[in-house]
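There are 2 protein chains.
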Amino acid sequence: MAAARTLLSDVGAEGVSMRAVALGAGVTPGATYRHFPNKDALVRRVVAEAFEKLESQIGPSLAKFPVGAFERIGELGRMYIAFARANPADYRLLFAPRGENRPPVELEPGFGPVRVLEQCVRDCIAAGVMADYDPRLIALLLWSRMHGLISLFLSFDFSKEYPGLDLETGLETVADTTRSYLLDGLRRR
Amino acid sequence: MAAARTLLSDVGAEGVSMRAVALGAGVTPGATYRHFPNKDALVRRVVAEAFEKLESQIGPSLAKFPVGAFERIGELGRMYIAFARANPADYRLLFAPRGENRPPVELEPGFGPVRVLEQCVRDCIAAGVMADYDPRLIALLLWSRMHGLISLFLSFDFSKEYPGLDLETGLETVADTTRSYLLDGLRRR
DNA sequence: AGATTCAGTAAACGCCGTTTACATCTCAGT
DNA sequence: ACTGAGATGTAAACGGCGTTTACTGAATCT
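If you read the protein sequences in the order shown, they are chains D and Y. Quick note on the numbering used here: the first sequence kicks off at 36 and runs consecutively. Quick note on the numbering used here: the second sequence kicks off at 36 and runs consecutively.
Wrong hints could be hidden among the right ones.
What the hints assert, rightly or not - Calculated cross-link-like contacts (lysine-lysine; reagent style DSBU-like; alpha-carbon spacing at most 30 Å):
no.	chain 1	residue 1	chain 2	residue 2
1	D	K74	D	K88
2	D	K88	D	K99
3	Y	K88	Y	K99
4	Y	K88	D	K88
5	Y	K195	D	K74
6	D	K74	Y	K74
7	Y	K195	D	K195
8	D	K88	Y	K99
9	Y	K88	Y	K74
Since the hints were made in silico from the structure, they are not lab data.
Assemble the whole structure, with the sequences as input and the hints as a guide.
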């Protein structure tokens, strides 16, 4: 798993072959199959571990803001983006659609970050600062915006189309601004 | 290309191998390389053709609504979803991130549907029905929400987590409801 | 008519995920 | 202390993949 982790981080998903992993682990390819039934299982576990690390960081980071504050949602989004930026290969693999080369990881839709997001939304509604729409759908709206933005920025180069959005900070800038548009509209009035 | 189109539609991206395409075209694998420099180029062209078909349908469909009407944005979203549902393999390949097995198709971020979306947003702002935020960012916000929603629904099975959201109509339902949340918030007041 | 280009074939190369047959090495139960 | 079973490893192969190479015949151009 350490060898796979290294390969995934350093050369991306394409570089993770059972042979390369075995070589990195100082072992022949066949030996790998004593520990994982197949490549998918190995990759799933490696990716799942990375996301578990993200989940473990969410609680402490959110504690900086009071329950029911909009800032919690913003903070969650920033953490999500930072993770995707730091571990693009993991992020892509988690959301690699079913039926593709590498099927999705164990984590199901209600996985950690999203469950927390939904709770933040419920708190905001309970605190009376957010319009009381269906919190599950609000969470899905916020999640899809974040995921969509990340996915688009991982897929395309926006620097030509949107000058000023450089690759370094473009994603964060767009995410912050559009988040304020979105959350402003969801404010209770 | 016809053979590749059939394979992509019928068995998905995994089923599209140069050997299978050649077989479908009644030719040996090597012959394919007289027409396409490599597999990526072939897949790109096939996927690009599908999206060009979508683009050609947008104009007529939008003509049903007056310029500057919110309904245009909704209609655009519905067409986008319908396309993704009808051609999931194409949709996934277009947004397959750079560096993955199949790099992104020629269409760049400002590709057809998004350019139209941005124009609709400008029209809404000009008509005075939408808050006058940066239209490019509003378009990006709307696009990322649609793309994120589609991507999530292509990746995960939401029927367990969100009972009532069956696979048949769940995506459309969520898209419609969250769109009303979002556009309501963007309304000028 | 002859040269050149085009489109095709057959076979190979190196990579991949995975399986098989076989060798060890460890260690609990008698 | 011996033994046999399970865990772990190796070497080699299988079939599939994208792609390249050398060669062949037909079509086209001058």
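### Query
Which numbered hints turn out to be false for this structure?
Violated hints (numbers, rising): 4, 7 and 8; every other hint is consistent with the structure.
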